[in-house]
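Just so you know, the sequences run in chain order A and B. Residue numbers for the first sequence follow my numbering, beginning at 30 and rising by one. Residue numbers for the second sequence follow my numbering, beginning at 13 and rising by one.
Be careful, since some hints might not be right.
What the hints assert, rightly or not - Okay, the calculated bits of chain A under chain B, using three or more residues with CB under 8 Å as the criterion:
id, segment
1, 58-67
2, 98-112
3, 128-141
What the hints assert, rightly or not - Residues from chain B that face chain A, not an exhaustive set, calculated with beta carbons under 10 Å:
id, residue
4, Arg15
5, Ser16
6, Leu26
7, Ala85
8, Gln143
Just so you know, these hints were derived from the structure itself, not from any lab. As the structure is a prediction and not an experimental result, all values here were calculated from the model. Just so it is clear, CB atoms sit at the ideal spot from N, CA and C, and this is done for glycine as well.
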Amino acid sequence: MRAAFLAFAVAVAAPAFADSSLPPSYWANRQLPDERQEAKAQALMAELRCLVCQGQSIADSDAELAGDMRDLVRRRIAAGENPEQIRGWLVDRYGSWVSYRPTSEPSAWPLWAAPIVLIGLGGLLAMKRLKGRAQ
Amino acid sequence: MSRSLRYLPVLVVLILIAAFVWRLANPPDSTVPSRMVGRPVPTFQLAAAAPSALGFTSADLATGKPRLLNLFASWCVPCIAEAPVLDELKGRGVQIDGIAIRDRPEDVATFLERNGNPFQRIGSDPTSRVQIALGTAGVPESFVVDGRGVIRHQHIGPIEPADIPRILAEMEKAR
Numbered sequence: 030m031r032a033a034f035l036a037f038a039v040a041v042a043a044p045a046f047a048d049s050s051l052p053p054s055y056w057a058n059r060q061l062p063d064e065r066q067e068a069k070a071q072a073l074m075a076e077l078r079c080l081v082c083q084g085q086s087i088a089d090s091d092a093e094l095a096g097d098m099r100d101l102v103r104r105r106i107a108a109g110e111n112p113e114q115i116r117g118w119l120v121d122r123y124g125s126w127v128s129y130r131p132t133s134e135p136s137a138w139p140l141w142a143a144p145i146v147l148i149g150l151g152g153l154l155a156m157k158r159l160k161g162r163a164q
Numbered sequence: 013m014s015r016s017l018r019y020l021p022v023l024v025v026l027i028l029i030a031a032f033v034w035r036l037a038n039p040p041d042s043t044v045p046s047r048m049v050g051r052p053v054p055t056f057q058l059a060a061a062a063p064s065a066l067g068f069t070s071a072d073l074a075t076g077k078p079r080l081l082n083l084f085a086s087w088c089v090p091c092i093a094e095a096p097v098l099d100e101l102k103g104r105g106v107q108i109d110g111i112a113i114r115d116r117p118e119d120v121a122t123f124l125e126r127n128g129n130p131f132q133r134i135g136s137d138p139t140s141r142v143q144i145a146l147g148t149a150g151v152p153e154s155f156v157v158d159g160r161g162v163i164r165h166q167h168i169g170p171i172e173p174a175d176i177p178r179i180l181a182e183m184e185k186a187r
């Protein structure tokens, strides 16, 4: 009975999972005073995936973990770290999945090859058609 | 267009529909496994999460014996369901330490009072710093850490009664 109730409670409460009673971290929703640093932070945050609402970047997400990740990014940028170091640190923990920027890993090769292949195919098609018309 | 190609669009649509049906029937796994498994626990130093608790540093995880590291929070409903299972594991001799994510001392104290306290140490991680360093995406999550402080196993989500044998086996393997 207790287990059933708990299961029910878990199911009903699911949408409220990510709400603690603490306020957002200091730099979660605050811009860095240095404009150039803030611009760097913004660019990186737009390319990092929120781990809670997995289709959004941490720049767009309201999830608390995303806020804490923004805080982490801004703190590290303010401390003079470069954005690629921070991205690398996160990829090292969550895998390349956490970054939206395609990597040069073999799994991403089809992605890089796609435009070349498509342009090639389009060229072939156009050539065939133009030849046919000329005759 | 040649005759044989006439039905190609229909075929493409059918393949697409088949792909959608397959994905709907087998939703992708949305859990994010940590890359930290097999590597040492990141260095951390956390204040006690509740007035009655002991503070917690990464050095406390390298004591020569495997330990279970549990990330929880007083605001996390599945953590309530997990609490009796952690008690059961403690009863079977598993040493458990906790990290309370984004929590207030008084809330953690109330949580422990209501749901029991299987933890030897409980650190407070108010800005998810250690959670991110561990590569976890939510609460509850647990790690089996061996005696040298190396992460051996990650359990995502609440440990349910059915998971007990697996956790015990991983603890044994980490010995």
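Okay, the hints, checked on the actual structure:
1. Check result for the segment 58-67 of chain A against chain B: violated, 0 residues qualifying (beta carbon to beta carbon below 8 Å, three or more required).
2. Three residues within the 8 Å Cβ limit are the bar, and the segment 98-112 of chain A against chain B gives 3, so the coverage statement holds.
3. For the segment 128-141 of chain A, the stated coverage by chain B is not satisfied: 0 residues place a CB nearer than 8 Å to a CB of that chain, which falls below the threshold of 3.
4. A hinted interface residue such as Arg15 (chain B) counts as satisfied when its beta carbon comes closer than 10 Å to some beta carbon of chain A; here the least separation is about 18 Å, so the hint is violated.
5. Proximity of Ser16 (chain B) to chain A is violated relative to the hint, the smallest CB-CB distance being about 17 Å (cut-off 10 Å).
6. Nearest Cβ of chain A to the Cβ of Leu26 (chain B): about 22 Å, over the 10 Å cut. The hint is violated.
7. Among the interface hints, the one on Ala85 (chain B) holds; its C-beta lies about 6 Å from the nearest C-beta in chain A, closer than the 10 Å criterion.
8. Restraint check, Gln143 (chain B) versus chain A: the minimum CB separation of about 8 Å is within 10 Å; hint holds.
Of the numbered hints listed earlier, those contradicted by the structure are 1, 3, 4, 5, 6.
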